Structure formats: C-alpha cells, structure tokens
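Visitor: Using the sequences plus the hints, can you model the full thing?
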Amino acid sequence: MARLPEEIKPAMQGVAPSKLATCSRDGVPNVATISQVYWVDHEHVALSFQFFNKTIKNVRENPRAQAFLLDPTTWTPWLLDIRYERSETEGEVFDAMDMQLEAIASMTGMAGVFKLKAADIYFVEGVQKLEVDPGA
Amino acid sequence: MLVPEGIAEFFAMRPIWLHAGTRGADLAPAVHFANAFRVDPERRFVDVLVVDTKGSRLREHLADNGVFTANFVQLPSHKSYQLKGRGEILGASDPSVRALAKALADENASPAIALGFPQSFVDKMDALSGAPSTVVRLHPEHVFDQTPGPGAGKRMEG
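In order, the protein sequence lines correspond to chains Y and B. With this note's numbering as the guide, the letters of the first sequence map in order to residues 1 to 136. With this note's numbering as the guide, the letters of the second sequence map in order to residues 1 to 158.
The hints are simulated quantities; they were obtained by calculation from the structure and are not laboratory data.
Far from chain B, some chain Y residues (derived; all Cβ distances over 12 angstroms): (1) V40; (2) A96; (3) D98.
Straight-line distance between alpha carbons at most 27 angstroms, and here's what the computed BS3-like set of lysine-lysine pairs gives: (4) Y:K129 x B:K54; (5) B:K102 x Y:K129; (6) Y:K9 x Y:K129; (7) B:K124 x Y:K129; (8) Y:K9 x B:K54; (9) Y:K117 x Y:K9.
Quantities reported herein were computed from a predicted structural model and do not represent experimental measurements. Glycine included, C-beta positions come from ideal geometry on N, C-alpha and C.
Guide: As structure tokens, this is what we get:
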C-alpha cells in the first residue's frame with residue numbers, strides 16, 4: 001500500500017496536464033491526457049470522467065492504471081499506480097472537481113467542451129517521483 | 001499500416017509533446033515520458049525516444065508482448081493523436097539521436113513561452129533533452145484521433 005506525500009499536491013492543481021495509461025482486457029494500452037487528478041485523501045485520487053472514451057471503457061474492464069503528473073513548481077514528474085474503485089456523481093469531491101474543471105476549461109480554451117459526468121475514485125497502489133539522469 | 005498522410009502536417013506543428021504507453025504480462029499499464037520522435041519519410045514507422053527513468057519497465061514490457069503506443073499533443077489546437085502497434089527497441093540513444101531531442105526542445109521553446117508556459121518549464125525540457133533514452137521503433141497498426149471532445153477516439157485510415 002502506498003501513501004500519497006504532501007509534496008505531490010502541486011502536481012494536482014491542474015496547471016500542467018496529466019497523462020493516464022490504461023489497458024483493455026485484451027491487452028491494448030491507451031495513453032490519454034486527463035484534465036484533473038484530484039487529491040481525495042492519502043490513499044485515493046479522483047480523475048474526471050467527461051466523455052465515455054477508451055480510458056473509461058478500459059478501466060471498467062481492467063481497473064489498473066498509471067498516471068503521469070508534472071509538478072508545475074519544479075516540473076518534477078511523478079508516477080502513480082492506481083486502481084479504479086467507483087464513480088461518484090454527487091457529493092463533496094464531485095462538486096469540488098466540477099468547479100476546478102470549469103476553471104481549467106476556461107484557462108485552456110476548452111469551455112463548453114469539458115463537462116464533468118463523474119468523479120472516478122482510484123485507490124493509490126504506488127507512488128514514484130521520477131528520477132531522470134539529465135545526461136551530458 | 002502507414003502513418004496517415006493527413007497527420008503529417010500535425011507532426012510539424014510546435015509545440016508538440018509526446019508520451020508512450022506499454023503494458024505488462026499482468027495487464028498493468030505504464031506511461032513513459034518521451035522527448036523526441038522522427039517519422040519515416042515513407043510513413044512506415046515512427047521512432048520514439050523514451051527517456052530512461054529509474055524503475056522503468058519499458059524493456060520488460062516490450063520483451064513480454066511488444067505492444068507499444070505513442071500519444072502526441074499539440075497546443076494551442078489541443079489536437080491529439082495516438083499511434084498503436086508494435087514496438088521494437090533499436091537501442092540506447094547516441095549523440096546524433098539526442099540531437100533530435102535537443103532540436104525538438106528548441107523548436108518547442110518559443111511557442112510554449114508564447115502560450116504562457118514559464119521559462120522554468122522550457123529550461124526543464126531543455127535539460128531533459130540530453131537525458132539518456134531508449135529508441136523505440138513504432139510500427140503502427142492503428143491510429144486514433146484523440147482531440148478532446150465527444151468525437152475523440154475515431155480511428156483513422158492509413
């Protein structure tokens with residue numbers, strides 16, 4: 001079991017787009033941009049479900065996923081190994097994500113395109129701050 | 001299949017960023033940061049430079065099943081495409097290949113600043129362009145339009 005560190009929180013502000021890798025039941029991976037990775041608690045994050053797309057189809061077949069986040073203060077990348085648990089269409093997390101998504105849509109010129117259908121709750125199985133050798 | 005002719009123009013747009021995807025024998029997916037690409041002039045394959053990171057399972061995954069995807073995003077258009085197919089490791093990046101990454105970082109810099117990205121982001125991408133990476137040749141079998149919106153996911157013809 002992993003515990004989300006406080007230092008990852010800036011990477012969840014929605015400033016830098018995140019990526020999510022999922023995999024279908026028949027073994028085809030998919031990488032997509034996600035608007036939000038929302039801190040729920042030290043063991044859970046919520047991702048925005050806006051369209052019924054490949055990502056949503058995949059995690060309902062195979063709940064394992066990996067998210068790539070960038071901290072906009074240091075541009076440090078993070079990887080989260082996560083497992084889909086459930087979707088919420090109302091409540092505190094949904095309302096907060098809905099408000100944040102409106103702000104993200106406005107900032108990125110996607111107002112009218114982004115619309116929150118559900119807050120998908122994931123259990124965090126692993127957390128890794130990516131270490132990259134800057135090379136020569 | 002060939003890389004669709006219609007997205008050749010997209011590959012020339014800047015700024016453009018890319019990530020790769022693989023999966024293990026246990027169907028656990030992985031996302032990989034990539035810092036450059038080159039498209040075969042005959043459109044038969046795309047070489048992707050995947051940055052080496054501690055704990056990466058890229059080689060393990062490709063040895064197990066060879067399934068590889070690359071996701072490209074351009075701003076401010078938000079145009080996005082994903083190529084899915086077979087990944088073949090060509091080897092570690094050498095200075096000539098790293099020059100591709102440096103060129104992409106340089107080409108992305110000014111348009112990224114114009115879009116409001118801070119200089120610190122451009123500097124980080126520039127630093128990562130020199131990072132050791134693994135060159136993966138992607139032989140596409142399917143190409144999808146992933147531009148955000150209800151039409152995302154449409155399969156393209158080669």
